[in-house]
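Top line first, the protein sequences correspond to chains A, B, C and D. Heads up, the first sequence is in the numbering used here, so the first residue is 1 and it goes up one at a time. Heads up, the second sequence is in the numbering used here, so the first residue is 1001 and it goes up one at a time. Heads up, the third sequence is in the numbering used here, so the first residue is 2001 and it goes up one at a time. Heads up, the fourth sequence is in the numbering used here, so the first residue is 3001 and it goes up one at a time.
The set of hints was computed from the structure by calculation and includes no laboratory data. By construction, the Cβ of each residue, glycine as well, lies at the ideal position given by its N, Cα and C atoms. Certain hints may be false.
[As the list claims (entries may be wrong)] Over the 12 Å line for every Cβ pair with chain C, so calculated as not near, a few chain B residues:
1. Pro1014
2. Arg1053
3. Ser1067
4. Arg1122
5. Gln1149
6. Ala1191
7. Ala1297
8. Leu1316
9. Glu1317
[To be verified] Ranges between beta-carbon positions, derived for each pair:
10. Asp2050/C - Ala360/A: 39 to 45 Å
11. Leu289/A - Asp2050/C: 21 to 27 Å
12. Ser1213/B - Ser3278/D: 31 to 37 Å
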Amino acid sequence: MSETHRSNLEKWLPNETDREGQPMFQMLAPDGSLTTAGKSIGVDSDLVRGLYRDMVLARRFDREALSLQRQGELSLWLMSWGQEAAQVGSIRALRDSDMVFPSYREHAAALCRGVRPADLMRQWRGLAHSGWNPADHRFHIYSLVLGTQTLHATGYATGAVLEGSDEVVATYFGDGAASQGDVNEAFNWAAAGRLPVLFFCQNNQWAISTPTSTQMQTPLHVRAAGFGLEPYHVDGNDVLAVHTITGLAASRIRDGGGPAMIEAQTYRFGGHSSSDDPKRYRSEEEFDLWTARDPLARVEVFLRTSVVDDSFFAGLELEADELAVSTREACKQLTGQTLAEIFGNVYAEPHPLIERERTANAAFTALVGGDL
Amino acid sequence: MSETHRSNLEKWLPNETDREGQPMFQMLAPDGSLTTAGKSIGVDSDLVRGLYRDMVLARRFDREALSLQRQGELSLWLMSWGQEAAQVGSIRALRDSDMVFPSYREHAAALCRGVRPADLMRQWRGLAHSGWNPADHRFHIYSLVLGTQTLHATGYATGAVLEGSDEVVATYFGDGAASQGDVNEAFNWAAAGRLPVLFFCQNNQWAISTPTSTQMQTPLHVRAAGFGLEPYHVDGNDVLAVHTITGLAASRIRDGGGPAMIEAQTYRFGGHSSSDDPKRYRSEEEFDLWTARDPLARVEVFLRTSVVDDSFFAGLELEADELAVSTREACKQLTGQTLAEIFGNVYAEPHPLIERERTANAAFTALVGGDL
Amino acid sequence: MTTFTLGSAITEGLRKAMEADDRVIVMGEDVGALGGVFRVTDGLQKDFGDSRVVDTPLAESGIIGTAIGLALRGYRPVCEIQFDGFVYPAFDQIVSQLAKIRSRSAGSLSVPLVIRIPVGGGIGAVEHHSESNEAYFAHTAGLRVVSCSNPNDAFHMIQQAVLSDDPVVFYEPKRRYWDRGEVSPVADRQLHQAAILKEGSDCVLVAHGPTVATALAASVAAEEDGYSVGVVDLRSISPLDTETLRAVAARSGRMVVVHEASTFMGIGAEIAAEITESCFFELEAPVLRVGAYNLPYPPASVEDAFLPDVDRVLHAVERSLSFSEER
Amino acid sequence: MTTFTLGSAITEGLRKAMEADDRVIVMGEDVGALGGVFRVTDGLQKDFGDSRVVDTPLAESGIIGTAIGLALRGYRPVCEIQFDGFVYPAFDQIVSQLAKIRSRSAGSLSVPLVIRIPVGGGIGAVEHHSESNEAYFAHTAGLRVVSCSNPNDAFHMIQQAVLSDDPVVFYEPKRRYWDRGEVSPVADRQLHQAAILKEGSDCVLVAHGPTVATALAASVAAEEDGYSVGVVDLRSISPLDTETLRAVAARSGRMVVVHEASTFMGIGAEIAAEITESCFFELEAPVLRVGAYNLPYPPASVEDAFLPDVDRVLHAVERSLSFSEER
Ligand SMILES: Cc1ncc(C[n+]2csc(CCOP(=O)(O)OP(=O)(O)O)c2C)c(N)n1
Ligand SMILES: Cc1ncc(C[n+]2csc(CCOP(=O)(O)OP(=O)(O)O)c2C)c(N)n1
Ligand SMILES: [Mg+2]
Ligand SMILES: [Mg+2]
């Protein structure tokens, strides 16, 4: 991205304000109309179609996975429902070669990186602790211990600097995770070393039952600025705004501008997980308020009123149905390692205790196979 | 402190800039002259005399303790040399009833709280892990694991809120400790809960051999502001400025203004500890530059050119000599617990294993007393 | 006597503790409106208000560190760690601060603080949600570590833990939360005492928390094979009730320790070393250990093969019995 | 053969490792210009530059967490923790991340990372500077834990640790840093192998790191009393070289484990349990343990009475010998 293009964009942000009156960047209003910024920056219709497709497929996959959980095919599922724009808009603005360290809800981003639905479900069917090889997708395995991945991303970025590479290392985390020492150590570490890290927070307003107001006094992007990270605040349900901001932040980082932090305001439409009941802690009103800001709806309106015809939607509908079917089939065909195989996962080099127990376990299995 | 007095003070800060051009507050310039702010805010000469006395005695005590270490009477000593203004100015602006959670270099502050020299040295003579009962001085024992005490202070302050008390809970820590997750969790926790915590960082430019520039990208008070703490930046070698700022911050907190963070620019004249050789990592020039900003010298000049006569200095000299002598004597008379007694320190309630080992140890001691 | 699930017995125990002493404060992630992910604090915020049942920011070091500050002020915080695998960010505050403040202050400061940890596997959970980490805390002088296995103990032990002036790590066996049992109005023993659930002349099984039920089942199965196998519920992991352990070991001459944690450096090792030293001449066989294999907790699909079950316990009992035959 | 102090032997070992592989990066607090508080990295920044010998911000979780990121990229970080008592803020990154990444990724990711920890007491230090915490890491599947006791091992083991594709916690015995000894050009055994320093027909002492010298001294003293007492240097705490331990236990029939950590749940417990099970009929006495008392590390003024010394080791040997007499 050219200096001039960048400053063109920069003069537009922030242009809107969020519920707390915090200035943030928006291009496509909830009603599907372009904001002044959206108009003057302009939108590439192919891009919009592509982003919309990504979001529709991601939502359909997520819905299918949840129903698989309801039917007992998955032991647990953490829904990305509602956060499609934040994830798709950001990951699509990065280069495929930029390494990503996700948390555990980044299914939409993972799909964009070519992670297969089956591999995304493997972990939640209880068959493995991860589903794919990060090298294949430049997308690290999920981290369930909150915030830990932000330090891994920071260290990974140190390597990029040592090699003089111009890659950006991105890491996703939530509003709750931001209270962890690790995330703040990562903010500070990346800032102090001016490392090429892009911290992306999906502020979905909740950490299980705990609202963001319990977690922090100031908006996270304000805190990040205090550390010396370049701060961005964006409507996380506006895929165009997220895509533009992420592109902007990434190009700044690539040109040696130092680390940045993007706070994307979004909402977790579902419960924290398939076992959570959000009614225990949040109101219908709030849900409705955010439904009116649905990340897909506004793009559909925009597309219908402008660039595309019904055939596009019909085709996409079909594609989504196929994805749902293949997801369901793939899920049921998933298999995991045996305990015997798992003994081989722990150490790279020979380990007497592991060997002994592997043998003992084999003997015991043979034994109970027979009569004890 | 009255609202009006507070706003009177507030309009003066910041009035100076530090080496990095960061605005900070100063009342007494290194040459001993009052800054414009100093003049218009005005100084109470009794207060200045008192603060100067505290600093002189603290420095003399510290020097004596170091020489005791050199003579093998103490196993280790962490010098407060150079940080007298930051410590004396801040602790004297708090109420004696305000609880304090120090780090490990706050000897000057401890003395102001009535901690006896002997008790300050106990730990460094290898006789105990702490030297006094916090309840006697509203001054917690030293914390050597960096930053941990900031969370203790934050929790302690939660109690103050529960009880509707108007006390302020202060905690001291260093520029290096500020990189720890705990300190940042404490910043966030105190800000989110608007707790009556006063975070006081003595930025003495170094964490052992690591300069502040390696620790952080932005000044710490800027980071603190990002969390939602009321930030203050002060010349930590100007005891009047530190006293004024701390009084200001404390009164704001007391009136429900929420937590604050004071960054005091100061310098560690000595090595990190009695076993450190600063020549390995820092320059003579830097040392000289800070010597010109000595926290005691400027006050002496100010006092001599204004309020007091030589007899004051002579008297103080005498008092300091006496302190040195009594410190030395007290140090040599210190005794510690026996291992047998230490078995009683670990649990409040009966513990079979402790009892068994206490007995075993007694038996063994008796045995080796005799012939094995 | 009324019956409770193990989980609700803890809820009731906490309620009693909070009624008895208003310095008791429950704090942690999602313990308020949600009542905790296992609903153990369900209803407490409604009854005691949000200044005594506190939803904290999401930071375990912050939870324990601020709770220490509260305890230093005279409060008696009960902190919930949401899952066993998430206690590690608080490790420094627990082992260097909480465990040591009393001895560091030569006994002048006490920190009455309880850390509740839902522990163990067997619930088909994802990674970090099924760990058994009692050994770390048991090896830490200054802490007490206890583990409840049934509703009655859960109800009384949580109250005893809150009453203790020492810091207590209180383990709650996840997969037994829904077990029902009777709860007696008064505690039948002190917090650090083990319980002999069943005498056995041939061998005795020692277990705690989730594996107590496994041991009892194994003992029944062994009986059918004609062996008298006793069961001891440790209840307290640190300190250990060595007196009781010695007595049963001496009587039966054979002991098998069963726990969910990996055997290597687990509590079974300590019991084996301790009992072998004190009952060397009474033992007919070495004290054997049945625990998880020495791997990080595996995916749920294989956890049944990973965790000690009745078969593995019986196998160990047979091995123990086989020793004297050889002799 | 050239002689080195234990500390400088590690420096030389690190230098060799860095020369052999430029993906090796040394990082930690004050490891650069200062060369570390024990000067173990002295001169390395001068020779390899500040991008390979890195002074980090003051945050242990950050040190290990970012080192994991580097390792995932193919680097081989060697992290220094300034003192044993300051590793706990990094505990989560070590036990939940570092130790598990390989198994979590079903073996597809490896994290070759070394954590150097100056360990133990006996140097008259203040609190948190004299701890022995190997048991925590030994109980953690996925880590290797080693402990060097002399310059030759220090020199070779640090290089073997760096070469290992598994994460290694590398303990350096503080009070032995200044011990001098010869260093041979080639390693005489693998990282996980124990060393029989001395055979003994009456009893064998098992020690690691700082207590190896104590054990050797005790063995000499015992000889003067007419007893033949062997000495084994564990070198590797996890995994244990049980093969070697079994062999010597079977030969002498008596074993005493000596370490600085508290005995309760210490490595001595594991060795006792393991050896008793495998050598039940060969043992003339229970495996005894000599370690620190189960207290937080006390003030320096009493550390000599707190730490296992020659007298306490001899006392244990006598107790061990006394068993068979009773029989
Ligand atoms: C260290 C740690 N503590 C607690 C948990 C349990 N936990 C899992 S998700 C979650 C809430 C996370 O909220 P947020 O960071 O906002 O991410 P979101 O779920 O909203 O995407 C909690 C408390 C955990 N996984 N890790
Ligand atoms: C958690 C932790 N890590 C490392 C250390 C070792 N250490 C002691 S003091 C120190 C430097 C502290 O610097 P700073 O916080 O600026 O305080 P100062 O010594 O300058 O007063 C270090 C690294 C420690 N005490 N605690
Ligand atoms: Mg959230
Ligand atoms: Mg400093």
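Legend entry - Broken hints, by number: As far as the earlier hints go, 4, 5, 6, 10 and 12 are violated by this structure, in ascending order.
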